[in-house]
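**Q** Here's the letter readout for the chains.
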Amino acid sequence: MPTSIPKQELMMSGHAACAGCGAVLAMRYVLKALGEKTVVSVPASCWAVIPGNYPAEVLKVPMVYTPFAATGASISGIREGLDIEGKEDYNVVGFAGDGGTADIGLQALSAAMERGHNVFYIMYDNEAYMNTGIQRSGSTPFGAWTTTTPIGKDRTFKKEKKKVVADIMMAQGVPYVATASVAFPEDLIRKVKNAKEIKGPKFIQILSPCPPGWYHNSEDTIKVSRLAVETRVFPLYEYNQGQFSLYKTSKFVPVEEYLKIQGRFAHLKEDEIKEIQNFVNERWEFLLKKEGN
Amino acid sequence: MYEIRFHGRGGQGAVTASKMLAMAAFKENKWVTTFPFYGTERRGAPVTAFTRIDNVKIELRSQIYEPDAVILLDKSLLKLVNVTEGLKPNGLVLINGKKGDFESNNGFKVAYVDATSIALKNHLGDPSHPIVNTAILGAFSKVSGIVSVDSMKSAVRDISPSKINENVNAIEEAYEEVEVA
Amino acid sequence: MVMTPTAYYPTTNIKTSSWRTSKPVIDYSKCTRCMICWKFCPDVAIDINENPDYEAPADRIKKMEAPFIDYDHCKGCGICANECPFDAIEMVREGENK
Amino acid sequence: MKAQNITREIMTGNEAVATGVKLARVKFISAYPITPQTAIVEKLAEMVANNKINAKFIEVESEHSAMASTMTSEITGIRSFTASSSHGILYMHEMLHWVAGSRLPVLMAVVNRAIGPPWNIWADQTDSITQRDTGWMQVYCESNQEAMDSILLGYKVAENKNVMLPIMSMQDAFTLSHTSEPVIIRDESDAYDYIGDLNLPFSIDLKNPLGYGSLMPPDGPFMELKKDMRDSMYRALDVVKEETKKFNDKFNADFPGLIENFMMEDADYALITMGSMSSTGKYTVRKLREKGMKVGLIRILFYRPFPAEEILKSIRGLKGLGVLDRSITFGQRGAVYEDVVTSLYNKTDIPIKNYIIGLGGRDIRVKDYERMYEGLMEGGDSMEWINVGGK
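Chains as they are written, first to last, in my numbering: chain A, 1 to 293; chain B, 1 to 181; chain C, 1 to 98; chain D, 1 to 391.
Hints were generated in silico from the structure; no laboratory data involved. Ideal Cβ placement from N, Cα and C applies to all residues, glycine included. Take these hints with a grain of salt, some might be off.
[What the hints assert, rightly or not] 27 Å max Cα-Cα, derived DSSO-like pairs, lysine-lysine:
#1 D:Lys56 - B:Lys57
#2 A:Lys199 - D:Lys56
#3 D:Lys241 - B:Lys57
#4 C:Lys15 - A:Lys32
[As the list claims (entries may be wrong)] Far from chain A by the CB rule (all over 10 Å, computed), these chain C residues:
#5 Thr12
#6 Arg20
#7 Val25
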């Protein structure tokens, strides 16, 4: 087969995700990279609904559901319990959305990483509370419409910049931090495998487009994801035990290309798009400097 | 049942003294309970602690309102607390100080020991914060007769985190030096 | 024993084909077996046929495993058709023949 | 049966809890410090550091995380423990429901402390009483001995195949947690023999990759699961009785079980108490008995499941009954009072009074008990606040 993607499917068909969901692709790739000796914990999120109604289960590995704020603590307990039983070779994965990571779960996440448990924390970032119907999160980008940042007369769209949790994790000194995209599964799987080499906490933030939440066509999930990387709106990087490397895009693609195929940005005026372009440029420069180029 | 109330300042060892006393009595096959009144305990702030001793299991768990004895680890507390409050008739007041520091006309038995000097001599604590609890217990053993000095020394050996010999010396010296007014 | 909220019933038993309004149809004469459609399928509804002769054009020299659509689970998102570099997949409205 | 060497030591309630955890062969501890529970955590950390207990201890950043990690460690099949108090209990409230609903026999030691505002670190049972609907069993201790014994007994009851519910063991702030008194240390090998190993039938297993707590629609067995929890809670009443007997036989102990009757045989008036307040109550009963007053005391140990039948048996023939609540609920009488009255509804015509007492560490004195027994003799079924406003 002319692809390096592992054949083994640990996520099954028949799930209850929306057509074109980026979050299921993220899970599918992560499990392909890790293999069957894996335990997953998910908080309240789309991923608590995607497996479908009891008794259905969509993963071929154990899946522990937890309350919203608990992912970091949940994987800590699973990890230590398994270690006590001598099951040190199991992978323990927290799989949480951006609300459960950037907002309500940040404290438990930060603490779990600080304690240094041998765990993976995967943040599937669809940039708003999608499970409850598109409300603003800390990870929603500037300019996006959500139901709690509606287009009104006095206050329109989200005026604050995206909180990038991966950057926070790097600043905290987590041994392995990366950003990844469902449009680049080979890169995503490589990063998960690199992370697996480290005995300690690992954090990966995966941009996971949401067709109903971003107002793009379901067939464009990969296209939007790819444009997010190519326009540098969502730069891909890897921070492996102090070594920072940034994936450099080959050509310049204006952010407008990314914004215009998503209804959540349809209201933006020219100067606002320019402002977003400036944010993107500044952050790109910052990351280049971080790499030492 | 014999009830003792300790008054001290945070850092002087009043709470530990109450525990050492309980331990000493326990070694003589008595039932004991001991507890501090926890306030916002900080070094220098007034502290109260309680010890009950009985031949049978103790059921009473309230604070001690009518003690048989009151022990003052710091005579400056005389200005702050009503030392003899609730003290039983013929009750005992033991003060870390000198004769004349405290006068009682109510028939209480008043005893003195210069526990601070004894503590300093034995290098317990530092000159600004001497730890006087073991010395005061040596004196209490003599004037109360409730617990023997040997049990007191044995309890101190069990509980003291360091300077065991110095603490035992302090008990012995205070036992000899204590005076009843 | 007590009741617990634990269960395991594989979702493959659940058919999600009714969610679909359009279905992908592979034109095997154009298909190069690159497996990009399989790679990007969020529904895990593109399977791999291990038989190298499956739908293989007669003139194909190097026979390879082929993708095929699991119509019981495909929700018709259209990613496969959109991402196929060889225009080998077409979305066809349900009910219309192709 | 081998001869038992009785080891008695002076220890605080917090030390007794830590020793109980060691005897119960707990393998995972996750906790967050809060006054007055802190000494439990410190003692366990010290035991772990000196290899006196074969357990992993993680220092989490909040009570919510303490309970979440305790839960998931238990799911792996490891006997797990945490301890908390007051605001910490409230902060983990969500997780308490989750642990019970997951049918995990976790044990938590609770040091009962008041809830602010204003800040108050002293004894008050509002923190655990308000958790009565979370599906946890609750046992309230009167002494440091019970604080230790209830850990062993508690795990045994919780892990019973017909119960499978978590349990919290309560001791009052300072009155037990920081009070030193003699405690018999249970023999380690007897304790191991008694407690055995945890065998969780649904622990994490790659060969049987379960989902734990997935979405359940209204026609799924949601109501049935809740009903099963409630049924199990009631089954626990018998399990507590059986396990108490086994425990007492094994250790030659006198753990009372669901409730304790004190001088109730010929009593005309009785008070129902819970926790360390009961001791001063018993002291007062003896004192009043010496004066010829026929008074008694009923102590509730297990508040959940509620021992309705036992209380009904105990109160027969009384002329007056009073229920003490060391917790506050607003817009209704005390929580324990409500439970007692509901249990006795239509089964007795004894007047029942409610006394609110000891909130925020307000001392509970002999004269307070004297006032309450006096109140019973006056008759009526009123609610009265004890020792408030300088009275």
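**Q** When you check the alpha-carbon spacing of Lys241 (chain D) and Lys57 (chain B), does it fall within 27 Å?
**A** With a Cα-Cα distance of about 26 Å, the restraint between Lys241 (chain D) and Lys57 (chain B) holds, given a limit of 27 Å.
**Q** Hey, Lys56 (chain D) versus Lys57 (chain B), does the alpha-carbon distance stay inside 27 Å?
**A** violated (37 Å)
**Q** Would Arg20 (chain C) pass as off the interface with chain A, using Cβ distances and a cut of 10 Å?
**A** Arg20 (chain C) not clear of chain A: closest Cβ-Cβ about 8 Å, inside 10 Å.
**Q** Starting from Lys15 (chain C), check that the Cα of Lys32 (chain A) is at most 27 Å away, please.
**A** holds (23 Å)
**Q** Minimum Cβ separation between Val25 (chain C) and chain A greater than 10 Å?
**A** Check passes; 14 Å lies beyond 10 Å.
**Q** Please check whether the beta-carbon of Thr12 (chain C) is more than 10 Å away from every beta-carbon in chain A.
**A** Its Cβ does come within 10 Å of chain A, the nearest being 5 Å, so this is violated.
**Q** Check the hint pairing Lys199 (chain A) with Lys56 (chain D) against an upper bound of 27 Å on the C-alpha distance.
**A** Roughly 18 Å separates the two Cα atoms, so the pair holds.
This entry does not satisfy hints 1, 5, 6, going by the numbered hints stated previously.
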